[in-house]
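Q: Sequence:
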Amino acid sequence: MFENPYLDRLKQYLTNVDFKIVAELEKIANGENNSPSSLNKLEKAKKNILKRIAEAQESSSFSVKQEIANFEEKLGISFEEITLVEGTNKKVAIPQNKISEADLSNEIYNLSQSINAVKNQIKTSKEFEKDADEAIAVLRVLENQTLINEIKNVINSKRYNAMFSVFMIYNKFYNSYKVMRSEESTKTASNIKYTMNLILSDLETRGYKTESVYDGPLAIYAPTLSIKDRGLILNDQVKGFVVRTKPTQEVQILASINDKFIIMTTKTFVDFKSENWSKQN
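In our numbering, the protein residues as written are 1 to 281.
The list that follows gives simulated cross-link-like pairs (lysine-lysine, BS3-like), each with its CA atoms no further than 25 Å apart:
| no. | residue 1 | residue 2 |
| --- | --- | --- |
| 1 | Lys193 | Lys152 |
| 2 | Lys126 | Lys187 |
| 3 | Lys119 | Lys172 |
| 4 | Lys46 | Lys27 |
| 5 | Lys119 | Lys152 |
| 6 | Lys178 | Lys152 |
| 7 | Lys41 | Lys20 |
| 8 | Lys158 | Lys193 |
| 9 | Lys41 | Lys27 |
| 10 | Lys246 | Lys11 |
| 11 | Lys47 | Lys27 |
| 12 | Lys51 | Lys20 |
| 13 | Lys267 | Lys246 |
| 14 | Lys11 | Lys44 |
| 15 | Lys98 | Lys172 |
It is worth saying that the hints were derived from the structure and are not from the lab.
Model the full assembly from the supplied sequences, consistent with the hints where possible.
A: So this is what it looks like as structure tokens:
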């Protein structure tokens with residue numbers, strides 16, 4: 001969406017013709033070609049392509065404006081109100097509030113529910129099915145009883161909420177493996193960090209209030225969107241995604257169920273934002 005393949009092809013043709021014109025000029029300068037006929041044909045072709053590009057740009061501008069209007073009507077919100085940001089690593093501040101004794105069992109319950117939800121997500125996801133090694137590695141971290149017991153201990157003894165307890169303990173283990181610097185420990189550290197983010201994303205859907213560095217609705221630009229970004233797809237602040245590769249059907253269905261738009265583009269973040277998110281500039 002918001003792309004014009006025909007216009008892109010014309011621009012590529014123009015580039016090719018420019019290269020050929022330069023080559024012909026070099027031949028003439030070197031005395032290899034005394035006939036200007038080839039150069040004249042190329043100049044004529046370039047003029048024709050430039051004319052077609054101008055026509056296509058005018059048509060494309062109208063189409064893009066119409067498509068934006070259609071999206072805005074469907075979303076019930078103006079793109080002017082949506083901030084386009086780059087990258088799927090949504091920076092948030094984890095809530096650090098402490099809980100009362102009466103809420104301890106509820107926090108332990110939320111922790112167990114999130115761990116089980118992530119397990120089910122991995123076991124049923126077609127994306128994880130394609131990468132069995134990664135799925136097994138993450139499941140091992142999820143089922144690590146030492147990690148689970150330490151998180152429960154922080155909840156029970158220090159009275160921190162489940163989300164902050166997960167963040168503290170997983171980061172503690174992550175840093176422990178990271179300093180070892182061996183290939184195996186580095187991989188383990190990466191799996192711990194990744195698993196932590198999956199649990200935090202699920203906990204965020206259970207009412208834990210994080211604070212984003214951005215206010216208001218967001219659209220996220222990223223190279224791709226996968227089931228690993230489930231937390232963002234479920235996040236109410238995120239209204240949609242701009243991606244460079246087509247997501248799997250599994251991801252598209254999840255996005256559709258949660259009323260998120262997905263825009264495909266071949267452009268860089270800077271180009272897309274300046275050309276298609278111009279209301280923000």
